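Number of protein chains: 4
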Amino acid sequence: MGSSRLEAFSDGVIAIIITIMVLELKVPQGADFQSLWPLLPVFLSYVLSFVYLGIYWNNHHHMLQATERIDGRVLWANLHLLFWLSLIPFATGWMGENHFTAAPTALYGVVLLMAALAYVGLQHTIIARQGEGSLLAQAVGRDLKGNLSLLIYLIAVPLSFFHNGISQGLYVLVALMWLIPDRRIEKAIQPNR
Amino acid sequence: MGSSRLEAFSDGVIAIIITIMVLELKVPQGADFQSLWPLLPVFLSYVLSFVYLGIYWNNHHHMLQATERIDGRVLWANLHLLFWLSLIPFATGWMGENHFTAAPTALYGVVLLMAALAYVGLQHTIIARQGEGSLLAQAVGRDLKGNLSLLIYLIAVPLSFFHNGISQGLYVLVALMWLIPDRRIEKAIQPNR
Amino acid sequence: MGSSRLEAFSDGVIAIIITIMVLELKVPQGADFQSLWPLLPVFLSYVLSFVYLGIYWNNHHHMLQATERIDGRVLWANLHLLFWLSLIPFATGWMGENHFTAAPTALYGVVLLMAALAYVGLQHTIIARQGEGSLLAQAVGRDLKGNLSLLIYLIAVPLSFFHNGISQGLYVLVALMWLIPDRRIEKAIQPNR
Amino acid sequence: MGSSRLEAFSDGVIAIIITIMVLELKVPQGADFQSLWPLLPVFLSYVLSFVYLGIYWNNHHHMLQATERIDGRVLWANLHLLFWLSLIPFATGWMGENHFTAAPTALYGVVLLMAALAYVGLQHTIIARQGEGSLLAQAVGRDLKGNLSLLIYLIAVPLSFFHNGISQGLYVLVALMWLIPDRRIEKAIQPNR
Numbered sequence: 003m004g005s006s007r008l009e010a011f012s013d014g015v016i017a018i019i020i021t022i023m024v025l026e027l028k029v030p031q032g033a034d035f036q037s038l039w040p041l042l043p044v045f046l047s048y049v050l051s052f053v054y055l056g057i058y059w060n061n062h063h064h065m066l067q068a069t070e071r072i073d074g075r076v077l078w079a080n081l082h083l084l085f086w087l088s089l090i091p092f093a094t095g096w097m098g099e100n101h102f103t104a105a106p107t108a109l110y111g112v113v114l115l116m117a118a119l120a121y122v123g124l125q126h127t128i129i130a131r132q133g134e135g136s137l138l139a140q141a142v143g144r145d146l147k148g149n150l151s152l153l154i155y156l157i158a159v160p161l162s163f164f165h166n167g168i169s170q171g172l173y174v175l176v177a178l179m180w181l182i183p184d185r186r187i188e189k190a191i192q193p194n195r
Numbered sequence: 003m004g005s006s007r008l009e010a011f012s013d014g015v016i017a018i019i020i021t022i023m024v025l026e027l028k029v030p031q032g033a034d035f036q037s038l039w040p041l042l043p044v045f046l047s048y049v050l051s052f053v054y055l056g057i058y059w060n061n062h063h064h065m066l067q068a069t070e071r072i073d074g075r076v077l078w079a080n081l082h083l084l085f086w087l088s089l090i091p092f093a094t095g096w097m098g099e100n101h102f103t104a105a106p107t108a109l110y111g112v113v114l115l116m117a118a119l120a121y122v123g124l125q126h127t128i129i130a131r132q133g134e135g136s137l138l139a140q141a142v143g144r145d146l147k148g149n150l151s152l153l154i155y156l157i158a159v160p161l162s163f164f165h166n167g168i169s170q171g172l173y174v175l176v177a178l179m180w181l182i183p184d185r186r187i188e189k190a191i192q193p194n195r
Numbered sequence: 003m004g005s006s007r008l009e010a011f012s013d014g015v016i017a018i019i020i021t022i023m024v025l026e027l028k029v030p031q032g033a034d035f036q037s038l039w040p041l042l043p044v045f046l047s048y049v050l051s052f053v054y055l056g057i058y059w060n061n062h063h064h065m066l067q068a069t070e071r072i073d074g075r076v077l078w079a080n081l082h083l084l085f086w087l088s089l090i091p092f093a094t095g096w097m098g099e100n101h102f103t104a105a106p107t108a109l110y111g112v113v114l115l116m117a118a119l120a121y122v123g124l125q126h127t128i129i130a131r132q133g134e135g136s137l138l139a140q141a142v143g144r145d146l147k148g149n150l151s152l153l154i155y156l157i158a159v160p161l162s163f164f165h166n167g168i169s170q171g172l173y174v175l176v177a178l179m180w181l182i183p184d185r186r187i188e189k190a191i192q193p194n195r
Numbered sequence: 003m004g005s006s007r008l009e010a011f012s013d014g015v016i017a018i019i020i021t022i023m024v025l026e027l028k029v030p031q032g033a034d035f036q037s038l039w040p041l042l043p044v045f046l047s048y049v050l051s052f053v054y055l056g057i058y059w060n061n062h063h064h065m066l067q068a069t070e071r072i073d074g075r076v077l078w079a080n081l082h083l084l085f086w087l088s089l090i091p092f093a094t095g096w097m098g099e100n101h102f103t104a105a106p107t108a109l110y111g112v113v114l115l116m117a118a119l120a121y122v123g124l125q126h127t128i129i130a131r132q133g134e135g136s137l138l139a140q141a142v143g144r145d146l147k148g149n150l151s152l153l154i155y156l157i158a159v160p161l162s163f164f165h166n167g168i169s170q171g172l173y174v175l176v177a178l179m180w181l182i183p184d185r186r187i188e189k190a191i192q193p194n195r
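Respectively, the protein sequence lines represent chains A, B, C and D.
As numbered in the numbering used here, residues 3 to 195 make up the first sequence, in order.
As numbered in the numbering used here, residues 3 to 195 make up the second sequence, in order.
As numbered in the numbering used here, residues 3 to 195 make up the third sequence, in order.
As numbered in the numbering used here, residues 3 to 195 make up the fourth sequence, in order.
For the record, the hints were derived by calculation from the structure and aren't laboratory data.
Treat the hints with care, as some may be off.
What the hints assert, rightly or not - Some chain B residues flagged as far from chain A (calculated, every beta-carbon gap over 10 Å): (1) G56; (2) Q140; (3) A177.
Claimed, not checked - Derived DSBU-like pairs (lysine-lysine); straight-line CA-CA distance at most 30 Å: (4) C/K147 to A/K28; (5) B/K28 to A/K28; (6) B/K28 to D/K28; (7) C/K147 to B/K28; (8) C/K28 to D/K147.
To be verified - Simulated coverage check for chain D against chain A, where a stretch passes if three residues somewhere in it have a Cβ under 8 Å from a Cβ of chain A: (9) 9-15; (10) 18-25; (11) 83-92; (12) 103-110.
Given the structure is predicted, the values throughout are model-derived calculations rather than measurements.
All C-beta atoms in this analysis are idealised placements derived from N, C-alpha and C, irrespective of residue type, glycine included.
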């Protein structure tokens with residue numbers, strides 16, 4: 003079974019998630035720039051989540067480029083990832099409307115953590131299907147960046163009850179770390195094409 | 003006429019249905035975890051419906067893999083299935099917001115039943131088009147799992163007025179029964195590829 | 003320029019329009035079946051519009067099957083069709099919430115009329131691009147069904163201010179007339195494939 | 003890496019943005035045509051934004067037709083464009099609900115300006131990847147129309163605080179200027195196909 007329909011469906015879901023988030027930016031009553039001011043935290047959390055979803059889409063794209071065949075297990079591991087990504091608009095909205103306070107900041111981190119675990123799970127499922135010598139297995143290697151992200155989320159979530167600013171900073175840090183697309187896979191693929 | 007555009011359109015509709023359901027999870031006013039508590043039934047019904055839509059997408063994917071050609075009848079049988087699936091967000095929201103009481107639980111079952119009947123109808127339409135000796139006809143066989151699901155829905159709907167907990171349990175049971183993707187088709191396809 | 007991306011984009015827009023209409027079915031406050039009763043007109047207008055959008059998707063699908071090459075004019079004629087289709091959820095919601103009274107029934111007919119004109123316009127643009135001897139030109143022929151639909155809409159719109167029930171009946175009639183997919187094109191394509 | 007999935011994802015996002023805008027057209031309470039009257043500015047701003055998104059989709063389509071290979075930089079430049087386009091529904095709704103007053107008109111222009119800059123950025127990124135002698139580089143040339151658009155936006159934004167009607171006129175002017183699809187690229191492609 004080829005991966006093209008899996009890609010199309012994932013593209014669809016991620017595209018809708020990204021665009022639904024913008025509905026949290028509710029059109030204000032006033033007609034001057036001051037009335038936009040209260041929307042700033044919602045806007046900032048939108049930008050952060052947009053970047054995160056962009057990263058997931060990019061890495062997902064790269065991962066499936068290196069995937070030859072899929073089966074039922076891969077389909078469900080992929081749906082599991084999409085489930086956690088689908089909760090990002092809710093977590094984003096709650097965090098933005100409460101000006102980055104403790105509990106919403108922690109929940110946002112939990113959703114990011116669960117999405118990251120689901121991504122790792124999807125990666126493992128694909129590699130298990132294709133064998134340890136496969137293109138993807140070589141490209142991912144020990145997955146330092148992936149493991150580091152999990153570690154940072156694990157620190158940021160409890161920290162948000164003490165210094166929620168630092169937790170926000172850590173979320174931004176992970177995003178910056180991944181903004182550079184997964185060159186490991188791009189490099190591994192290059193010689194084969 | 004090939005089936006790729008039918009797949010793409012169905013993917014789009016199912017992706018949007020899944021993501022629209024998450025809009026029922028309305029961002030709460032409070033900024034603490036207690037304010038998330040009332041959302042729990044809405045969240046649980048979201049998880050159940052997400053799994054159901056995932057099952058439909060997976061099985062639809064497998065079915066169309068085994069489908070060689072489509073015509074106008076197949077297009078409409080497919081739209082009929084999408085119609086009932088499109089009512090799942092409404093039924094999910096009504097059930098979640100009323101904490102799984104009798105009438106919403108029954109309606110949820112009716113929508114699941116109609117979607118299942120529409121799926122069986124689509125299957126019959128495709129097989130009728132391709133002949134009884136086709137790949138899909140062999141893969142589906144007597145469709146025990148499909149018929150059992152219909153039977154369970156038929157029991158669960160009236161039961162929800164007496165013990166709505168049992169009806170919920172039956173809906174979960176059917177979902178678990180299908181979570182294993184349709185290996186029958188996967189097996190039937192395998193040797194041909 | 004091939005037509006695959008035009009199809010994909012149109013599929014996306016139509017899929018979203020269909021699914022957005024279901025958001026007009028707002029989850030009622032009560033938990034019994036009586037509280038669903040006031041939603042009946044909204045539901046019925048949803049069913050009618052779902053069928054109409056299904057018809058457009060089906061015919062659009064058939065038309066592009068018979069289309070070999072597209073250009074900028076075709077892209078814009080297609081966007082023009084999508085524009086009028088995008089107003090169907092609004093017209094549907096207004097008609098459903100006002101229990102099929104005069105003005106909303108007339109507006110619904112106007113939107114259907116404009117969408118039908120845009121469809122005819124798209125057809126002309128494609129045929130003009132491909133020449134009168136093309137597959138599509140032969141398949142469409144004198145387009146009796148298309149012209150009859152336009153005529154019925156033209157009668158139904160003013161009539162809705164006198165007998166809105168008849169206008170509704172005429173909208174249902176046109177839908178039934180088209181429910182049979184465009185066999186003309188299917189037939190014209192068959193021998194070539 | 004081929005560009006088909008980038009196209010599919012961009013199609014999905016643009017299709018959703020276009021359709022989400024229509025949600026700003028809220029179904030009015032009254033059942034007569036007078037109750038539609040207050041929606042006129044929202045409707046007009048919807049039409050303008052629909053045309054703008056159609057232009058972006060058309061030009062994006064043409065640009066990627068002339069693009070042979072993409073990499074991570076192109077993916078991010080594309081996401082950057084989609085980010086600004088995703089803010090169009092918000093800017094449209096704010097402008098429409100405030101009857102084209104100064105600040106919303108200015109913000110609308112800023113979003114258009116940023117989207118235009120992001121489009122130019124994407125164009126540069128693709129050309130940088132493919133070399134100055136590439137098909138796209140030749141087709142774009144000195145990009146007079148692109149630069150003129152940027153200049154007009156830069157004039158229209160501050161002007162909206164003095165004569166917001168002129169700013170609106172300038173936005174319409176740019177749209178009309180682009181309504182003619184990018185024949186430069188179409189011409190440059192033609193001989194190669």
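Status of each hint after checking the structure:
1. The claim that B/G56 lies off the interface is violated: its Cβ sits roughly 4 Å from the closest Cβ of chain A, which falls inside the 10 Å cut-off.
2. The beta carbon of B/Q140 is kept farther than 10 Å from every beta carbon of chain A, the shortest such distance being approximately 17 Å.
3. The beta carbon of B/A177 is kept farther than 10 Å from every beta carbon of chain A, the shortest such distance being approximately 12 Å.
4. Straight-line distance between C-alpha atoms of C/K147 and A/K28 comes to about 44 Å, which puts the hinted pair past the 30 Å bound.
5. As the CA atoms of B/K28 and A/K28 are separated by approximately 14 Å, the hinted pair is consistent with the 30 Å bound.
6. Note on B/K28 and D/K28: the hinted pairing holds, with a Cα-Cα distance of about 19 Å set against a maximum of 30 Å.
7. This hinted pair does not check out: C/K147 and B/K28 have alpha carbons roughly 46 Å apart, beyond 30 Å.
8. For the given pair, C/K28 sits about 46 Å from D/K147 by alpha-carbon distance, which is inconsistent with the 30 Å threshold.
9. Note: the stretch 9-15 of chain D has 4 residues with beta-carbon separation from chain A under 8 Å; the three-residue rule is met and the coverage holds.
10. Coverage of the stretch 18-25 of chain D by chain A holds in this model, with 4 residues showing a Cβ closer than 8 Å to a Cβ of that chain against a need of three.
11. With a threshold of 8 Å between beta carbons, the proposed coverage of the stretch 83-92 of chain D by chain A holds, since 6 of its residues qualify and at least three are required.
12. For the stretch 103-110 of chain D, the assignment as covered by chain A holds, since 5 residues bring a beta-carbon within under 8 Å of that chain's beta-carbons and 3 suffice.
The earlier numbered hints that this structure contradicts are 1, 4, 7 and 8.
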